[in-house]
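Q: As a plain string of letters, each chain reads:
Protein chains: 2
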Amino acid sequence: MSARELRTETVHEIALIERLAGAFTRSSHQLNERHETDAELLRVPGSDPVLALTTDHIAEEIQAGLYVDAELIGWMTVMVNASDLSAVGARPLGLVLNETLPPDVGEGFLAALQRGIQQACDACGLHVLGGDTNFGPRLQMGGCALGVVPEGRPMTRRGCAPGDLLFASGPLGLGGAFALARLLGGSEADGERIPFRPVARLTEGQLLRPFASGCMDTSDGALPTLDELMRLNGVGFRFRITAAESLHPAAAAAASRARIPPWMLLAGPHGEYELLFTVPRGRLERFLVAARAREWRPLHLGEAVREPGLTLPIDGTLRQLDTTAVRNLFGEVGGDLGAYREGLARLAAAATTERARCAR
Amino acid sequence: MSARELRTETVHEIALIERLAGAFTRSSHQLNERHETDAELLRVPGSDPVLALTTDHIAEEIQAGLYVDAELIGWMTVMVNASDLSAVGARPLGLVLNETLPPDVGEGFLAALQRGIQQACDACGLHVLGGDTNFGPRLQMGGCALGVVPEGRPMTRRGCAPGDLLFASGPLGLGGAFALARLLGGSEADGERIPFRPVARLTEGQLLRPFASGCMDTSDGALPTLDELMRLNGVGFRFRITAAESLHPAAAAAASRARIPPWMLLAGPHGEYELLFTVPRGRLERFLVAARAREWRPLHLGEAVREPGLTLPIDGTLRQLDTTAVRNLFGEVGGDLGAYREGLARLAAAATTERARCAR
Numbered sequence: 001m002s003a004r005e006l007r008t009e010t011v012h013e014i015a016l017i018e019r020l021a022g023a024f025t026r027s028s029h030q031l032n033e034r035h036e037t038d039a040e041l042l043r044v045p046g047s048d049p050v051l052a053l054t055t056d057h058i059a060e061e062i063q064a065g066l067y068v069d070a071e072l073i074g075w076m077t078v079m080v081n082a083s084d085l086s087a088v089g090a091r092p093l094g095l096v097l098n099e100t101l102p103p104d105v106g107e108g109f110l111a112a113l114q115r116g117i118q119q120a121c122d123a124c125g126l127h128v129l130g131g132d133t134n135f136g137p138r139l140q141m142g143g144c145a146l147g148v149v150p151e152g153r154p155m156t157r158r159g160c161a162p163g164d165l166l167f168a169s170g171p172l173g174l175g176g177a178f179a180l181a182r183l184l185g186g187s188e189a190d191g192e193r194i195p196f197r198p199v200a201r202l203t204e205g206q207l208l209r210p211f212a213s214g215c216m217d218t219s220d221g222a223l224p225t226l227d228e229l230m231r232l233n234g235v236g237f238r239f240r241i242t243a244a245e246s247l248h249p250a251a252a253a254a255a256s257r258a259r260i261p262p263w264m265l266l267a268g269p270h271g272e273y274e275l276l277f278t279v280p281r282g283r284l285e286r287f288l289v290a291a292r293a294r295e296w297r298p299l300h301l302g303e304a305v306r307e308p309g310l311t312l313p314i315d316g317t318l319r320q321l322d323t324t325a326v327r328n329l330f331g332e333v334g335g336d337l338g339a340y341r342e343g344l345a346r347l348a349a350a351a352t353t354e355r356a357r358c359a360r
Numbered sequence: 361m362s363a364r365e366l367r368t369e370t371v372h373e374i375a376l377i378e379r380l381a382g383a384f385t386r387s388s389h390q391l392n393e394r395h396e397t398d399a400e401l402l403r404v405p406g407s408d409p410v411l412a413l414t415t416d417h418i419a420e421e422i423q424a425g426l427y428v429d430a431e432l433i434g435w436m437t438v439m440v441n442a443s444d445l446s447a448v449g450a451r452p453l454g455l456v457l458n459e460t461l462p463p464d465v466g467e468g469f470l471a472a473l474q475r476g477i478q479q480a481c482d483a484c485g486l487h488v489l490g491g492d493t494n495f496g497p498r499l500q501m502g503g504c505a506l507g508v509v510p511e512g513r514p515m516t517r518r519g520c521a522p523g524d525l526l527f528a529s530g531p532l533g534l535g536g537a538f539a540l541a542r543l544l545g546g547s548e549a550d551g552e553r554i555p556f557r558p559v560a561r562l563t564e565g566q567l568l569r570p571f572a573s574g575c576m577d578t579s580d581g582a583l584p585t586l587d588e589l590m591r592l593n594g595v596g597f598r599f600r601i602t603a604a605e606s607l608h609p610a611a612a613a614a615a616s617r618a619r620i621p622p623w624m625l626l627a628g629p630h631g632e633y634e635l636l637f638t639v640p641r642g643r644l645e646r647f648l649v650a651a652r653a654r655e656w657r658p659l660h661l662g663e664a665v666r667e668p669g670l671t672l673p674i675d676g677t678l679r680q681l682d683t684t685a686v687r688n689l690f691g692e693v694g695g696d697l698g699a700y701r702e703g704l705a706r707l708a709a710a711a712t713t714e715r716a717r718c719a720r
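Chains as they are written, first to last, in our numbering: chain A, 1 to 360; chain B, 361 to 720.
Next comes chain A alone, as it looks inside the complex:
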C-alpha cells in the first residue's frame, strides 16, 4: 500500500467531519487546520499566549450502557475535555459544562454526578467556570475546556518523521477492557474489576511539548489514534514490543479471561485517554531525563518508519494491520459487539496474508 493510497482511503469519521464542517469559513486567528490537533488553537489578537479550546460530549457512551455509574459519568465529562488539552500541551484554565438531565433525575444520582465532576477537576487542577442545563428524555453530559499554551509552539498531531520514537504516556488497553467487561457479556463485577478512571495527562502533555514531534490522545483507542497519526504524517509505525506488553496488567488479565488476543483491546472505539507521541532521536535523551525527573515512565512502543502502515507482533509474527479498517469497523457493524470481535479477528487473519504477500 502506498503512502498516498493510505492517506486517501476513507475513514468514515473524517468524511463525516468534512461533510459537517467542510464549508465553514476559517478564522484567521486559528492556528490549526481541521484534524490536525485534539484541541483548537487560536491566538488572541494583540496578545501573546496561544489558547486551546475543545469540546467533547458523552452521549453514546451513556446510551450504550458503557457509563452507568453517575460518579464515573461526571468524572469522564471532565476528562474527555481535559485529555484534549493535554494532547496540545496546554495548561488548563477552566471548563464550562453542558448537562441534559432527565426530568426525573434523582437527588442521589445528581449528587454523585457532581461529585465525579469535582473529583476529576481536582485531579486535573481544573475548575468549573459555569455551564448550561437543559432537560430532556435522556442524560447527556458534555463540556468545553479552555487552556493556554504559555510560550513556544503547541503540540499538534503533525510532525512525526521516520526514525522518531513512538511512545505511550502509560500502559494501554484499560478503555478497551472496561468496554469489554461492561458490554460483551461481562458481569457488573467484571466492569468493577477494571480500574478505569483515566486521569488526563495534563502534566505530561506540558512536559513533553518541547520534545514531541507529534501527539494525540487515545480517546478513540490506540489503533485509531495511530491510524490518524500515520495518515496525517505520511509515515508508518513499527512496534518493538507486543500488544500484550503494551497493556495495563488489568487489561491483560481481562483479555486473558475473555480469551481474546491482547491487541484487540487497542482497537477502540473506547479508548484509555493516554497520549501517543513521537520524539525525534536528537531530543530523546533530554526528554527521558525530564520525564524521569517527574517520575514519569512513558512506554516506548516502537518507531515511526517510512513504509506506511502499522506493523506489530501478533501471535509471534510481525504483521501489518489495516488500521483504517479497524477504525471503521465498529460503525460498520452498527455497534454489534459480537460482529465487531469477529470482524477484528478477520482483519488479523488478513494481516498475516498481507504480510505473507509482501514478503514474497
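No lab work stands behind these hints: they were computed from the structure.
We treat Cβ as the ideally placed atom computed from N, Cα and C, and that holds for glycine.
Hints may contain errors.
[To be verified] Where chain B lies over chain A, by a calculated footprint (3+ residues, C-beta under 8 angstroms):
id, segment
1, 14 to 24
2, 53 to 64
3, 98 to 104
4, 112 to 125
5, 131 to 140
6, 145 to 157
Could you slot chain B onto chain A? The hints should help.
A: Positioned in the frame of chain A, the structure of chain B alone reads:
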C-alpha cells in the same frame, strides 16, 4: 415587598443552578461570581486581556417544536452563544459546536443546518473553530463561544443603581411572538410572519461597555431578565413607556391577532436576544452620542428606582408585576401554554390588587 424579601424569594432556575454548581470549587482566574454575568470571565495568568467563555444549547426549543426549520436551528445555535458574549461587551474570537444528530438525519436537513450556522457566523463575525458530533435519538445542538474583552472592565449584570436609565438594545417581543405563533394554536404561516432571526448585539455590547452600569441579554424574555437585574442589584425598575410601545411592530400585531395583552410577549421563557442595560445619568449624553454615531437607536424603557419591583403601565394604569412569579410560571405549569396564559392573566390581575393595597 422589601428589597430583601424580593431578593430571597426563590427563583426555580437559580435554585437549580445552585444545586448543580454550588459545591464546585472556584478558579482564582475567574473574575465573575455565579449569576453575575452572561458569559464567564477569566484572566489568563501573565496576560492582559480578559476572556469571555460561554456555552448554551438548544434542546428544549427543538423538543417543544419551537424550532423546526433546520436553518433557524443552525442560526440559533450560534446566536444563543454569541448573545452571551454581547452582554459582557466581548469581541468574539470563535465557536466550537456540539451536534447530536439522529442517525437518519437527511442530507437536505444537514445542509440547511450548516447553512444556518454559517449565516449566523457571518452576521456575527464569528467562525466555527471545531466541534464534536454525536449520534442520538433526538437532534440537539449547542456550542461554546469564546471572546475577548480587550481593555477596561467587562460588563456584568451588577452595577445598576437607582436613577440609572433603563434601555433595550432594540424593540422587544419577537421571541414571545414567535413562540406564540409556533406553539399556541398558530398556523405554520403565523410563525413565518414573525421575523424571528435575532442577531446577537455584539457591536452594541462593545459600544456600550464603557457606559453601562449593568447589562444582560433577554434570552429568557425581557421580564425574567429585569427580574434578575433587580435581584442582583437590589433595585426596582419603572417603565416610562407601555409594554405595547416597547414591542417590535410584528410582535404588537401578533399580540393583537392573538388577543393577548402586549406585556405578555415580554414574559418569556422564549426571549428576543436583545440586551437590557442601565446607563448612569452622568454618562448618558456620551453614550447617546456614541450610539447615534453608529446609527444605533436603543430604546429608552424607563429607569432604575430604589423601591424594588417592576412598575409598568398595563391597561392605562401603573402596576407592579411579580416578575419572580412570571419567571417561575412556565415551569410550574409544566410548559402547558393555555395554563401559562391563564397564569399570566392572574398575575396581571393580582398586580392591580397589589398596587391598590400599596396605595392605601
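Q: Would you mind marking each hint as holding or not holding in the structure?
A: Structure-based check of all given hints:
1. 14 to 24: holds (count 7)
2. 53 to 64: With 8 residues closer than 8 angstroms to chain B, the segment 53 to 64 of chain A meets the three-residue bar; holds.
3. 98 to 104: With 3 residues close enough to chain B, the hint holds.
4. 112 to 125: Held - the segment 112 to 125 of chain A has 5 residues with a Cβ nearer than 8 angstroms to chain B, which meets the minimum of three.
5. 131 to 140: holds (count 9)
6. 145 to 157: holds (count 3)
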